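Q: To convert, note that position 422 of the sequence shown is 431 in the numbering used here; the numbers rise steadily by one, no gaps.
Since the hints were derived computationally from the structure, they do not count as laboratory data.
Honestly, I wouldn't trust all of these hints.
Taking CB as the label site, the calculated pair distances span [as the list claims (entries may be wrong)]:
id : residue 1 : residue 2 : range
1  : Phe-414   : Ala-52    : 24 to 30 Å
2  : Met-370   : Phe-56    : 36 to 42 Å
3  : Arg-93    : Glu-264   : 48 to 54 Å
4  : Asn-313   : Val-426   : 19 to 25 Å
5  : Asn-313   : Met-370   : 52 to 58 Å
6  : Glu-264   : Leu-465   : 52 to 58 Å
7  : Thr-341   : Lys-219   : 31 to 37 Å
8  : Lys-299   : Pro-387   : 38 to 44 Å
9  : Glu-277   : Thr-341   : 51 to 57 Å
Computed from a predicted model, the values in this text were never measured in an experiment.
Even for Gly, the Cβ is constructed at its ideal location relative to N, Cα and C.
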Amino acid sequence: MSALLAEQMLVLFAILAIGSWFGGLAWRGVSLGTAAVFFVGLAFGHFGLTIPKPVMDLGLLLFVYAVGLQAGPRFFRTFKRQGREFVIVSLAALLAAGLVTVLLARLMGYSYALAAGMFTGAVTNTPALAGAIDAVGRLDGEMAATVSVGYGIAYPFSIVGVTLLVSFLPKLLRRPVKQAETDWMASQAGEQPLLAKRQFKVTNANLEGKRLGDLDTHRVSQANVSRIQQGGKVVAGTPDTVLHVGDVMQVVGTEPELEKLRLFIGEEVRVPMEPSTQTLAREMHVTESKLAGKRLMDLRVWDNYGVIITRIRRAGVELAPVGTSTLELGDTLRVVGDAAALDEFARLVSKDVRKIDETNMVPFLIGIMLGILVGLVPIPLGGGMSIKLGTAGGALIVSLLLGHFGRVGPFRVYVPVAARNISRELGLMLFLGGAGANAGTQLARVVQAQGAGVFLAGAAITLTATIVTIIVTHLIYKMNLLSVMGLTAGVLTNPPALAAAENQTTTGVPAVTYASAFPVVLIFKILLAQVLVQVLRLF
Numbered sequence: 010m011s012a013l014l015a016e017q018m019l020v021l022f023a024i025l026a027i028g029s030w031f032g033g034l035a036w037r038g039v040s041l042g043t044a045a046v047f048f049v050g051l052a053f054g055h056f057g058l059t060i061p062k063p064v065m066d067l068g069l070l071l072f073v074y075a076v077g078l079q080a081g082p083r084f085f086r087t088f089k090r091q092g093r094e095f096v097i098v099s100l101a102a103l104l105a106a107g108l109v110t111v112l113l114a115r116l117m118g119y120s121y122a123l124a125a126g127m128f129t130g131a132v133t134n135t136p137a138l139a140g141a142i143d144a145v146g147r148l149d150g151e152m153a154a155t156v157s158v159g160y161g162i163a164y165p166f167s168i169v170g171v172t173l174l175v176s177f178l179p180k181l182l183r184r185p186v187k188q189a190e191t192d193w194m195a196s197q198a199g200e201q202p203l204l205a206k207r208q209f210k211v212t213n214a215n216l217e218g219k220r221l222g223d224l225d226t227h228r229v230s231q232a233n234v235s236r237i238q239q240g241g242k243v244v245a246g247t248p249d250t251v252l253h254v255g256d257v258m259q260v261v262g263t264e265p266e267l268e269k270l271r272l273f274i275g276e277e278v279r280v281p282m283e284p285s286t287q288t289l290a291r292e293m294h295v296t297e298s299k300l301a302g303k304r305l306m307d308l309r310v311w312d313n314y315g316v317i318i319t320r321i322r323r324a325g326v327e328l329a330p331v332g333t334s335t336l337e338l339g340d341t342l343r344v345v346g347d348a349a350a351l352d353e354f355a356r357l358v359s360k361d362v363r364k365i366d367e368t369n370m371v372p373f374l375i376g377i378m379l380g381i382l383v384g385l386v387p388i389p390l391g392g393g394m395s396i397k398l399g400t401a402g403g404a405l406i407v408s409l410l411l412g413h414f415g416r417v418g419p420f421r422v423y424v425p426v427a428a429r430n431i432s433r434e435l436g437l438m439l440f441l442g443g444a445g446a447n448a449g450t451q452l453a454r455v456v457q458a459q460g461a462g463v464f465l466a467g468a469a470i471t472l473t474a475t476i477v478t479i480i481v482t483h484l485i486y487k488m489n490l491l492s493v494m495g496l497t498a499g500v501l502t503n504p505p506a507l508a509a510a511e512n513q514t515t516t517g518v519p520a521v522t523y524a525s526a527f528p529v530v531l532i533f534k535i536l537l538a539q540v541l542v543q544v545l546r547l548f
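With the hints as constraints, model all of the structure from the sequences given.
A: Next up, the structure:
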């Protein structure tokens, strides 16, 4: 048995498997989820079974990288709209936590190194820990190890407590998740209106005998004609179609754009318009890399292939295509045309449908490498001080940029949803398993040396930051519940808490909010940890 337990990979996956099973158990509809892996890791660590630190670091790297790729398409829009709020919430929560740290150190007689370490553990931030160790090391090299002890004291409660709080937050605030999702979808409809389908009867006599292509309807409205019913026959809305008074046009677009076209064409009607054997509609996935970044006007879709693209669905958002619209890997196209033309166009855009499930590994790996490099770059602050974002911080920033721009130099980034999910879930589990096992080895020793009261002090710092975050987001800014959960996890830079929030919704809002706040929070924590070292030395 001892020989088996010496195999660290066996121990690692035993922790993951048991933790996953335990996390799936629910009581009154509430479960620990992925956070259960941390508890199982603590138990294994108590008996001296550890996980290599590089495994834990790799897990955190994969997790934040996947979160950034997921949040990237909406990150800049969200931060532009709410960036000021994120800064204020983060500052309020972290300054309050820092103040409580100073007060507790003064009352309880903790050393400045121990208190600074407790702050970094209470707000769950390893780069801040590294900054505090560096600041203490410049003052007294022998005290640097004490910073890690303080981190180990406060870290477990921060991970577990905040995760549990986020899990119960909808019930504590009496705000149902379903209602929050409905409210969010309504707000999104205002920002990115959903596409609708309407039918207009041609009553404008000026359109009689005109070719649809000659009308240049996109000068009037950003909507697309998909089909036209002429004398009981349904045809595709191609540029060569000749219009006659009495024809019925089926048009796809946002409601405001459809209304513009109604004024141009004629009255709205509702008639059955089933596709004929000649005119069909089909969904296609863009998997050919040579099409990525190509404009529809340059592809000359109708002239070359005889089909009409009526919708583009990208990252969960439907777009009305116009000539300047570009195609990206992973796009889902709604295409109208006859069977032969559709087959030919399908061979162009999705020659190999298996690619829709394949990750472009070269840009994916280059992005991770760039993230690591960004995290290692020192950022000078003056006075001989500098900070580093750390591996996780650098990876998140790079992945946000990749998710937004969709490319690394000449390489297009495409990561299927399933691949992002496995990277996020497995990465989080590796991180939690390693963190729990490594913390478990020191738990008993820390309690004996410092007493149980020190854990309460660490918990007080965590709760201060958490409560201030919830008060400001919920009561002052009245944010959507999904954003409150994501920002609570983000201010505490707590991956398990984010997972707990994500498990309650399918919208992705918590991940976007978390990623939007993360860069600001990370910098604040690194700076504040080093400032606290200087402040605590005065007492």
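Q: List in ascending order the numbers of the hints, as given earlier, that are violated by the structure.
A: Structure breaks hints 1, 3, 4, 5 and 9.
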